[in-house]
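Sequences listed follow chains A and B, in order. Numbered by numbering that gives the first Met the number 0, the letters in the first sequence go through residues 0 to 515 in order. Numbered by numbering that gives the first Met the number 0, the letters in the second sequence go through residues 0 to 413 in order.
Check each hint, because a few of them may be wrong.
[Stated by the list, open to error] DSS-like mimics (lysine-lysine), calculated; alpha carbons at most 27 Å apart, straight line: (1) A:Lys-378 to B:Lys-304; (2) A:Lys-378 to B:Lys-297; (3) B:Lys-223 to A:Lys-378; (4) B:Lys-297 to A:Lys-328; (5) B:Lys-393 to A:Lys-378.
In case anyone wonders, no lab produced these hints; they're calculated from the structure. These numbers were taken from a predicted model, which means no experiment stands behind them.
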Amino acid sequence: MAGPVLEMRSIVKTFPGVKALSDVTLTVQQGEVHAICGENGAGKSTLMKVLSGVHPHGTYEGEILFDGEICQFKDIRASEAHGIVIIHQELALVPYLSLAENIFLGNEHATRGLINWHDTLKHASELLRRVGLSDHPETRVADIGVGKQQLVEIAKALSKKVKLLILDEPTAALNDEDSGKLLDLILELKKQGITSIIISHKLNEIRKVADSVTIIRDGQSIETLDVKAPETTEDRIISGMVGRDLDHRFPERTAYEGEVDAAPALEIRNWTVHHPIDQTRKVVDDVSINVKRGEIVGIAGLMGAGRTELAMSVFGRTYGRHAGGQVFKDGREISTRHVSDAVKQGIAYVTEDRKHYGLNLIDTINRNISLSALGKVSKRGIVDEQAERRVSEGFRKSMNIKAPTVSEPVGKLSGGNQQKVVLSKWIFAGPEVLILDEPTRGIDVGAKYEIYTVIDQLAAQGKAVVFISSELPELLGMCDRIYTMAAGRLTGEVPRAEATQEVLMRQMTKDKEVTR
Amino acid sequence: MSTDVTAKSPAPAPGKSGGSANGANLLQLMLDGMRRNMRQYGMLLALGLIVALFAVWTDGDLLLPRNVSNLVLQNSYVLILAIGMMMVIIAGHIDLSVGSVTAFVGAFAAVLTVQHDVSWPVAVVLCLLVGAVAGAVQGFFIAYLGIPSFIVTLAGMLIFRGMTEILLEGQTLGPFPDGLQKIGNGFLPETGPNTNYHNITLLLGLALIVFAVVQEVRDRKRQKEFSLDVVPRNLFLLKLVFIVAAILVVTMLLASYKGAPIVLLILGVLVVGYGYVMRNAVFGRHIYAIGGNLPAAKLSGVKDKKVVFLVFLNMGALAALAGLAIAARLNAASPKAGLNYELEAIASAFIGGASMSGGVGTILGAIIGGLVLGVLNNGMNLLSVGSDWQQVIKGLALLAAVGFDVWNKRKSGS
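Construct the entire structure; sequences and hints are all you get.
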């Protein structure tokens, strides 16, 4: 090959309180397809944001060499001017504009502010043909599927004279057929001399299109492997992704002393959920899981595995369209059609996105904690503020929520303390089953330990806990059993004794072709 | 008006300072306290300033007993609407139909009492029901069918305006029976010895003072119990003196004319009642939760649709009450009644501290906002400012109030 087109040297990027990238070096050869893989939160997307100027020069350390010159991008426009185009996971298309308008958005064929429609349509259809689309350029984006939309994004990138195309999890939202087409297109573009970086954790995809793969773990580049070399097996890549020391610390699990019924506290059978908009996509596909009293059961999976969707669709059908499956509580079938039903049945769901789904940030700690069980501190519809305050003061002390008083607005707290408020809120609701979705996401190590301790205590009191997490060590450290999911399906169930990061990661990266 | 509702809002509670304080830097403390509760005190201060300015400009005419009485009568309807509107806005919605509903209910009342000789108490009940139904129908479309409230109530604005004209056949209808007129124009009855003042009004004012002071003291005690930072003792006393003085002045002014207007009594009951609901009832909490973060409220098991439905139903009933008050005051139902009232109610809510995105605001805030507009109206009338310039000035006042709030929030970085 013709030598490196891109070199990123010792990139360090810190956010307030978190070091997202501690030392990443990436070298991409001219004309290759370079894969980047790593666990959720390893720093892949942050690295690409540094490269494309989303995080402008000066907010990170290290240097970027592109086409042999040192680049200091101050925004996306600057990187695009050099031919670096990033396609984000969340597509950036305007749904009610046409394909042509989207392709040239911000880059219109115009003279003196008036759009030249003839040129626009002509060039748009040429670009669409290049990415294998035969749709008319005046079709609205909203009227084509997600798979085609992804291709339109690429056409848009081509219109900007792209030299380096970055795709962030391009197939995460696509079905198998569309994924296949997209990967073929990447290979086709490679023939035309366009270098690509593809972020993915689907190992079969990487094997199909990539020439080399760089593994990122905990904000550091670990190694770069030649994908075509015989010694680069999927296991080899997996061990690179997970191979970190178990330096997290977990509390010793306290055993639940009470009786365990034969029937599990919560059982979900054959649960299937369709995507809320795209009815043909099964986001959760025939999943059955169960959890007993005093047990902590983990659900592992990568982005797009369907874990949150499973939890939210069970909890009051707050996600997607239900397409079959039953929920049993203590052996009895129950309805969880509405959130209030689920809460009444003693189920609590602690969201992964506390800012959007968990808390009213402009309201106080006090009122957030009481919200899901206001009935417990009120009589005949009137809130007993003294009782409410006593309860939340209790939680402030027992959960060690760092705030001067419970009248503090939640928005002012740190992530860890906000998480403690969400947990308090749901513990106050008095559930028998808790579904915890990424309960330690984005919080510091100290707060993590405190939250692990709380989870352990809950199980010891006989609660059934479902623990969804992307951090494998945390699942290994806390859970009695771990389910794995991939692409909406259950791909395995591993008891604590047999669970290792490698075993889990292999099942989490299983795709349909592999499982057959 | 009750102080019960002033004491707490969902906005940040007392902050860091506090503890022991000496009289020397009382002013500093006051400023601190105000800065922390800018939403509440800022507008109160602005109201005081506007009152003072107009009092000077009108050579004291603004504060003549007769005029104060008038001010209350003139603005009661906006204040009633502002209470309901505040709740709608806190829930994250808007209601453009209230002006038309007001007119429609006035027309309905006229048809009942003037054309069909229905007794006025029955007519009042029927009118309130009609208003509630009007609100409920709109609430149904908004809450259960998910049509944006802006659209539904814009449609409602046209529909009810049109229906008003259909009912009245384009004519003005009146006069109303005496009983109904009293709602808009009447004063409390008088008994007891001749004191040159209105005795019942004095007694009511006294009762209000006792109630307010007891509430404040109890609130402070309760906050201390939970080792919350409370305002320092001398600042607290100052606040009490201020409250007592304010109630006393208004009471004396009203009592030296014809006494408290009946509509003021109705308004007082509404403010205390709704203030209590918004602060202490589960229902009120749920309104704040929905407006503050709808997905989070849903995931907490709040029945968001039902709450929104009820908020609009309530708005309809309050619009009906306002409609009765205005029709009774003008002693006629007119097709053009209540024009632009929705805008005045919305402006009152925003001047009084509501937020476009919902989740914030208090009933007392809406009242303060409404009074700011009311005093501006009244004061400019006294100065014979034309209605053209009045609108310009009211528009600027709204812009200034919200602009100041936005600026203040940005500065404090929250």
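Right, here's what the structure says about each hint:
1. A:Lys-378 to B:Lys-304: Cα-Cα ~23 Å, so holds.
2. A:Lys-378 to B:Lys-297: holds, 22 Å
3. B:Lys-223 to A:Lys-378: Satisfied, since the Cα-Cα distance of roughly 24 Å is no more than 27 Å.
4. B:Lys-297 to A:Lys-328: holds, 22 Å
5. B:Lys-393 to A:Lys-378: violated, 43 Å
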